[in-house]
Amino acid sequence: MATLVYLEHHDGELVKGSLGVLAKARQLDDEPAAVVCGSGVRELAAEAGRYGAARIHVADDVALEAPLPQPRVDVLASLVSEQGFDTVLFGASVLTADVAAALAARLGAGLNWDLVDLQVRDGELVGTRPALQDSVHVEVGWSAEPRLALVRSGTFDPVEAGGDADVVDVAAELEDFSRRAVMVESAHAESEGPSIEEADVIVAGGRGLGDPEKFGLLEELAKALGGAVAATRAVVDAGWYPYAAQVGQTGKNVSPKLYVACGISGAIQHKVGMQSSGTIVAINKDPNAPIFEYADLGVVGDLHEIVPKLTELVRGRKSA
Amino acid sequence: MKVVVCVKEVPEASARTRIDPGTKRLDRGGAAALNPFDAHAIEEALRLVAAAGDGEVVALMMAPEGAADSLRKALAMGADRAVHVADDALAGSDLVATARVLAKAVEREEADVVVLGQQGSDSDGAVLWSALADLLRLPVVSQAASLELADGKVTVKRQTEYGYDVIESPLPCVVAVSDAINEPRYPSLKGIMGAKKKPYESLAASDLGLAAEEVGEAGSRTVVRSLSEPPARGDAVRIEDGDGDAAEQVLAFLVERKLL
Numbered sequence: 001m002a003t004l005v006y007l008e009h010h011d012g013e014l015v016k017g018s019l020g021v022l023a024k025a026r027q028l029d030d031e032p033a034a035v036v037c038g039s040g041v042r043e044l045a046a047e048a049g050r051y052g053a054a055r056i057h058v059a060d061d062v063a064l065e066a067p068l069p070q071p072r073v074d075v076l077a078s079l080v081s082e083q084g085f086d087t088v089l090f091g092a093s094v095l096t097a098d099v100a101a102a103l104a105a106r107l108g109a110g111l112n113w114d115l116v117d118l119q120v121r122d123g124e125l126v127g128t129r130p131a132l133q134d135s136v137h138v139e140v141g142w143s144a145e146p147r148l149a150l151v152r153s154g155t156f157d158p159v160e161a162g163g164d165a166d167v168v169d170v171a172a173e174l175e176d177f178s179r180r181a182v183m184v185e186s187a188h189a190e191s192e193g194p195s196i197e198e199a200d201v202i203v204a205g206g207r208g209l210g211d212p213e214k215f216g217l218l219e220e221l222a223k224a225l226g227g228a229v230a231a232t233r234a235v236v237d238a239g240w241y242p243y244a245a246q247v248g249q250t251g252k253n254v255s256p257k258l259y260v261a262c263g264i265s266g267a268i269q270h271k272v273g274m275q276s277s278g279t280i281v282a283i284n285k286d287p288n289a290p291i292f293e294y295a296d297l298g299v300v301g302d303l304h305e306i307v308p309k310l311t312e313l314v315r316g317r318k319s320a
Numbered sequence: 001m002k003v004v005v006c007v008k009e010v011p012e013a014s015a016r017t018r019i020d021p022g023t024k025r026l027d028r029g030g031a032a033a034l035n036p037f038d039a040h041a042i043e044e045a046l047r048l049v050a051a052a053g054d055g056e057v058v059a060l061m062m063a064p065e066g067a068a069d070s071l072r073k074a075l076a077m078g079a080d081r082a083v084h085v086a087d088d089a090l091a092g093s094d095l096v097a098t099a100r101v102l103a104k105a106v107e108r109e110e111a112d113v114v115v116l117g118q119q120g121s122d123s124d125g126a127v128l129w130s131a132l133a134d135l136l137r138l139p140v141v142s143q144a145a146s147l148e149l150a151d152g153k154v155t156v157k158r159q160t161e162y163g164y165d166v167i168e169s170p171l172p173c174v175v176a177v178s179d180a181i182n183e184p185r186y187p188s189l190k191g192i193m194g195a196k197k198k199p200y201e202s203l204a205a206s207d208l209g210l211a212a213e214e215v216g217e218a219g220s221r222t223v224v225r226s227l228s229e230p231p232a233r234g235d236a237v238r239i240e241d242g243d244g245d246a247a248e249q250v251l252a253f254l255v256e257r258k259l260l
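Protein sequence lines, in the order shown, are assigned to chains A and B.
Quick note: the first sequence uses this note's numbering, first residue 1, plus one each step.
Quick note: the second sequence uses this note's numbering, first residue 1, plus one each step.
Treat the hints as calculated values from the structure; they're not laboratory data.
Take these hints with a grain of salt, some might be off.
[Said to hold, decoys possible] Straight-line Cα separation of at most 25 Å, DSS-like style, residue types lysine-lysine; simulated pairs:
id: 1; chain 1: A; residue 1: K309; chain 2: B; residue 2: K258
id: 2; chain 1: A; residue 1: K257; chain 2: B; residue 2: K258
id: 3; chain 1: A; residue 1: K223; chain 2: B; residue 2: K258
Please read all numbers here as calculations on a predicted model, not as lab measurements.
Bound conformation, chain B alone:
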């Protein structure tokens, strides 16, 4: 059983993120971390291989060179090997350009299952798996609330707007898991130490046989035109319940807004 898990690095939750007005891209200069949604994907990949009895989890990331720590966290959690696609030519890649890079990298691995997290916490993008699956010409199931492997196929309980569906797919396939599917393990000290010795492969776009016009801004068909302030939602009021009279203040607010 070989599972490839696609991860990304995002600005840390506590960091004040901004979009660079010059490049109109997310400013990735601040503190960064593994996308929290991807920790669930790594956990599920580890569980799949454990359930199969043997196999390998490969963590795959497309990101600038400096993002190695996030990929090492996947190794510290238990992934066996890391593949890091880092190339200045990839900057500014949109959904499809990014999917092209990941598809080429996944193809080299001949994985049984490709697992992704539910969304990127920075871009709120929640569509990459489907673009990736189409390029790989593999079946895809998203919004997985549970994932089971038996008899060469996966059975996925998937949540939609209307309830839960159960979907079966033969291997190989692409699965996007929700953050409700599991509780990701914390890397142990042993895991963190061991991660440094695990295989870590760095690749450029050319190693994947990708031409410059297929990736980065040149390979992207979406553009960011400008940035603006959103319309204000009105003045927000903040109460700290220091005096224990928060309930009274909420009541007064509701009365003032004629909601009672």
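Next comes chain A alone, as it looks inside the complex:
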């Protein structure tokens, strides 16, 4: 195999999800290569050697500074064609999903997404993709090379296994249409207080809360349980709760020991951010809410009654 792993970076660090994919690539291919695109990223790229990359291609160009997909597609398309990579792997994110799909179109290649495993079986690459609310696992493959794959975020952990790697410069020759969309503002939210990514317990709220003030109920319960409060995209976009607390595909990926979902239907956008939680408790009025499909304990009922009562019970137990 000649494998290329796309490494995403943010705020001067390689993203954990893509380093996890690199660790997986190393199980499939003794000498996987990596590629990093950005501006002023040569030093950062070199770090990928520690995580198992045998060779690192770096496209370092001011035109690649903003995290926009299309200039990256141009870089990858020529790299894959010139170097003859037969497999290109991505850790899924907002950026890489767009990069991978456009690259597939450009190269006339097959892209499988949302994979939770990759294996080589009888010399063939096989991916595992959960489908229909994870009720079935589909084994997917490719009928031609290059084979492109997006791995579900948080699936694999990074492994510090390697050493130094060769760093090779790649020219960024961009298509005219790839430069037309420009980023004019990047308003990245700063988180305050304990981050939901570090909390052992998360109490999360969605549209089913009814109005923004009801987050107070969740804050009380979170305090009693010694945890943090999180929110779905719908309520964050509606301005009910800060973006820093958003769990989901766009938002944070969390895996606390306990996740209490209140008034959350459980759309896939939310699910991908919290499905690796240890125990999931869901409280929702709608007995058909998809979240019940993957909750360990599903409570069909009114959260406005149950949550305050539960808070009292938890407090009582802790003070006893």
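With chain A held as given, fit chain B onto it using these hints.
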């Protein structure tokens, strides 16, 4: 202002969906509906044309012939015209094969903006716009939480893992909108009646100049090998709060799991 909105039909949310073990494709035999995420794309397309003062919204769908009702819903919401690409040769098209078909159909329209919804509720696919934009050689912006049109360009507030970015793109361009961008209107009775009289064009792959080897299974480079049961998550417990003691039961559960 001409806006093309790409839509698809999916199994209805309440329907029990399954993958046909024979074809290894989604069984589309049951009740079907317009992909709910696409209603937001139609709404945004209608708003764009309304903001521009005049223009046209064209709803485009690639689906078997029987899917016409979903496309008519787009007309009932207010789209001016429908283009339905239906051809048995298209069955089994993967991402890139599907993007090829839509790209050819969009090219005929010379649209200013192409709008797509955030994902297909059946496949959880959330990448089509980017493949489409690449084939059309147009700029693309995804995850749009708001979309404004002024001075021949769109300004998109886009949500990522790290917060909101603002991206500008000149026209023509492709935009994928999130389901938080708007509340889709319900078709009015007048809209539903009027939809029957609106232009409805049906096309085959050959009408788009596509060769058989570019589409369907022949044009796809991904394959489905087999289906299996996912590993169980453990026994799920369900409580109906009939007796009003749900909070007590949750507490007992947390204690049993040593989470308190």
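Evaluated hints:
Our distance criterion of 25 Å between C-alpha atoms is met by K309 (chain A) and K258 (chain B), whose separation comes to about 20 Å. Only pairs whose Cα atoms come within 25 Å are accepted, and K257 (chain A) paired with K258 (chain B) is accepted, the gap being roughly 10 Å. Under the criterion of a C-alpha separation no larger than 25 Å, the hint pairing K223 (chain A) with K258 (chain B) is consistent with the structure, at around 18 Å.
Of the hints listed earlier, there is not a single one the structure fails to meet.
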